[in-house]
Amino acid sequence: MGHGHHIEVKQEQFVFSPKAKRFSMILMVLGLIFAGLGIANLGGHEESHIAKTEVTAHEGTNHGEDHAAVAHEEHANVDTEAFGPRMEFHPLDKPANTRIWANLMIAGYFFLMISLVALMWYAIQYIANAGWSVGIKRIPEAIMTFIPVPFVVLLIALFMGKNDIYHWAHYEHLGLKPSDAGYDPILVGKSGFLNSTMLFVFPSVLVVIWYVLMRKLRSLSAAEDNATKGDVSFFRKSVQFSAAFAVIFGFTISVIAWLLIMSVDAHWYSTIFGFYNFVTHWVTMITIMAFFVAYIKKEGYLGFVTNEHMHDLGKFMFAFTVFWAYLWLSQYLLIWYAQIPEEMSYYQIRFENYKFNFLLNFAMCFCIPFLGLLMRSAKRNRYVLAIIGSIMILGHYHDVWLMVFPGVFGSGMQFGFLELGTFLLFAGVFTFWVFTALTKRGLVAVNHPYLDESAHHDVGV
Amino acid sequence: MGILDKKLSLRDRNKMLIGVWEDEDQLMAGASEIAHAGVHIHDIYTPYPVHGLDRIIGARRSKLARIAFFCAVTGLTLMTTMIWYMYVHDWPMNIGNKPVRFTPSWAPVMFEGTVLCTAFGMSFFFFWRNRLVHGIKNELLDIRQTDDRMVMAIETKDGMDEKAVLNMMKNHGAVELREFHNGVQIVL
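Which chain is which? The protein sequence lines are E and R, in order.
The opening residue of the first sequence carries number 3 in our numbering; numbering runs sequentially from there.
The opening residue of the second sequence carries number 93 in our numbering; numbering runs sequentially from there.
Rather than coming from a laboratory, the hints here were simulated on the basis of the structure.
Any given hint could turn out to be false.
[What the hints assert, rightly or not] Take a look, some chain E residues computed to stay more than 10 Å from chain R by CB distance: (1) F18; (2) G184; (3) A246; (4) G305; (5) L331; (6) Y334; (7) W338; (8) Y339; (9) H458; (10) G462; (11) V463.
[What the hints assert, rightly or not] List time: in silico DSSO-like cross-link candidates among lysine-lysine, alpha-carbon distance up to 30 Å: (12) R:K190 / R:K107; (13) R:K107 / R:K155; (14) R:K155 / E:K317; (15) E:K231 / E:K442; (16) E:K357 / R:K190; (17) E:K442 / E:K239.
[Stated by the list, open to error] Not everything, but these chain R residues come out facing chain E in the computed CB check (under 8 Å): (18) S101; (19) R147; (20) A151; (21) R153; (22) A199.
None of the values given here were measured: they were computed from a predicted structure.
Cβ coordinates follow ideal geometry from the N, Cα and C atoms, glycine included.
Model the full structure from these sequences, guided by the hints.
Here's what the structure looks like:
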């Protein structure tokens, strides 16, 4: 612990140990095995799923043969008399591989957001003049380099599966006129935003902007390492670019969440949705960061990063767990109170057909972490953090899954082997990537003006 | 314990040895040596937080967190009971045809009540424990301990080598040494 005496901080070089390599390989192989199992099971699952949805359909249809006819049938459910257009969409014609694309889309989105909020974290540390986190700043700096990988996967998944994932994309191809049966004024009204061009162009433009700012911040940090000690010009510039990024990101991240995830239930909307998505990934990213710090420390690096820093990360995990629950409940309660039918569809299907997942989500993302991390001794214990953190990461991945799957497939899906496999595969690639990025430069920001403050960080008895 | 406990007042304790410092690094070193020599340091008064001093003088962890938890549970119970009594038991109201027994809709009240009780409870206990209540006279060992000086107080015990303690203080840069007994300070 810092006793107020001077702590010498020297540059360290991280080595990607064979053990860590093996770990990320095991994650990837496990992921592939589970995903393979899931894909092998796809056929059978699909049949039972169709059997279930057929019961809910009003009339039997020869599904899968004529897209237009099926869409006609689906949108014939639109009930304009009592509550305006209803948003029931019975997915009768999803090909089996839709589930693969949907999974890739979720994994891509999840890890894209993780890398982005790592960049946001990094920016906030600069804007807030935070000193304590300087010792661990290389970890978000490594995580944020992951941005392009999940984004490419996301684009591939969207390109291959968008017509099956998003029913507005499917509807777009039907080209219905107002006089046609099944004409959907809500989807037409949103088509200025929800269209295939927008789906690819808008995220691409934003990711390129974010990526450029990320490279800039990283190069400033690298230049600072090579500069002389006491030169704060790089720090000042980093603050400016961080501020620019924070403003751009803060305004645009919601739009990405609306476009990619909320539009799965295209008739539904929630203004808090983007922020809710941000917080889901934010708390997960902090957990992942805590994992990396704990591992790096265990390997004997970063001696000056103590339990005090781990405690602060634990406090962040705990605090944003509560904040996540606040948004989770707020989104639900406002819709519950307002009693507007068009806002209900999202919760209706999740609460009626996915009750187990809905409650499991709340338990994994709030109840368990809240009670588990409440005590100070729990936040300062690596093993408790590891167990609770694992539950949180999986829970938040499941949270994103729950945002997408009921909207895409209707009832009868479950978080299965394919979902777990995709997650583990991505987690393996992610771990490998981050460790590789950590080796690219020294582990300590030796010329950062607040390094000493971080080395002496102490939250007291 | 508590506000009526006279023991909390410095003037009702045994003779105190007082050392005054101007430099925090010297103070830290001195405190460290004195503590390692097995002398119990009663307290160190500083105008700003000096990180690490709490560990050196062996300060115990504050019980405030437990009090916070206790207050939170009290608040939660109180508010849950209150809203149940008002809204379900005594005067159920039909608001937008919503069910009255729907607990998630109670959450805001429960949450706010919990926070309110915790905040007030913590402040109350904090002030009580620290004797920061109206009418209590402050007990500054040195008027400059709120400005630019740091004051260490050590309560004497039978068999304590007072000279050795004072020497340790002096060797580590204490600018003034004093005794404090029955409310009277003597400069040594």
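Status of the hints after comparison with the structure:
With a cut of 10 Å on Cβ distances, F18 of chain E stays outside the contact zone with chain R, its closest approach being about 35 Å. No beta-carbon of chain R is positioned within 10 Å of the beta-carbon of G184 of chain E; the least distance is around 32 Å. The claim that A246 of chain E lies off the interface holds: its Cβ sits roughly 34 Å from the closest Cβ of chain R, which is beyond the 10 Å cut-off. At roughly 17 Å from the closest C-beta of chain R, the C-beta of G305 of chain E stays outside 10 Å, upholding its exclusion from the interface.
Interface exclusion of L331 of chain E from chain R breaks down, the closest Cβ pair being 6 Å apart, not more than 10 Å. Distance check on Y334 of chain E: its Cβ comes as close as 7 Å (rounded) to a Cβ of chain R, failing to clear the 10 Å threshold; non-interface status is violated. Remark: the non-interface label on W338 of chain E conflicts with the geometry, its nearest Cβ contact in chain R lying 7 Å away (cut-off 10 Å). Not every Cβ of chain R is farther than 10 Å from the Cβ of Y339 of chain E; the closest lies at roughly 7 Å, contradicting the non-interface assignment.
Not every CB of chain R lies more than 10 Å from the CB of H458 of chain E, the least distance being 7 Å, so the non-interface label is violated. Distance check for G462 of chain E against chain R: the nearest CB is about 5 Å away, which does not clear 10 Å, and the non-interface claim fails. At roughly 5 Å, the least C-beta separation between V463 of chain E and chain R is not larger than 10 Å, which violates its mark as non-interface. Proposed proximity of K190 of chain R and K107 of chain R is contradicted: the alpha carbons are some 69 Å apart, above 30 Å.
With a C-alpha separation of about 28 Å, the suggested pairing of K107 of chain R with K155 of chain R holds against the 30 Å cut-off. This hinted pair checks out: K155 of chain R and K317 of chain E have alpha carbons roughly 18 Å apart, not beyond 30 Å. Proximity of K231 of chain E to K442 of chain E is assessed by CA-CA distance (about 21 Å); at most 30 Å being required, the pair is judged to hold. Straight-line distance between C-alpha atoms of K357 of chain E and K190 of chain R comes to about 20 Å, which keeps the hinted pair within the 30 Å bound.
In summary, the hint linking K442 of chain E to K239 of chain E is supported, as the alpha carbons are separated by about 22 Å, within the 30 Å threshold. Nearest Cβ of chain E to the Cβ of S101 of chain R: about 24 Å, over the 8 Å cut. The hint is violated. Evaluation of the R147 of chain R hint against chain E yields a held restraint, the C-beta minimum of about 6 Å falling below 8 Å. Checking A151 of chain R against chain E by beta carbon gives a least distance of about 5 Å; that is within 8 Å, so the hint holds.
The closest approach between the C-beta of R153 of chain R and any C-beta of chain E is roughly 5 Å, which is under the 8 Å cut-off, so the hint is satisfied. Because the beta carbon of A199 of chain R sits about 6 Å from the nearest beta carbon in chain E, less than 8 Å, this interface hint is met.
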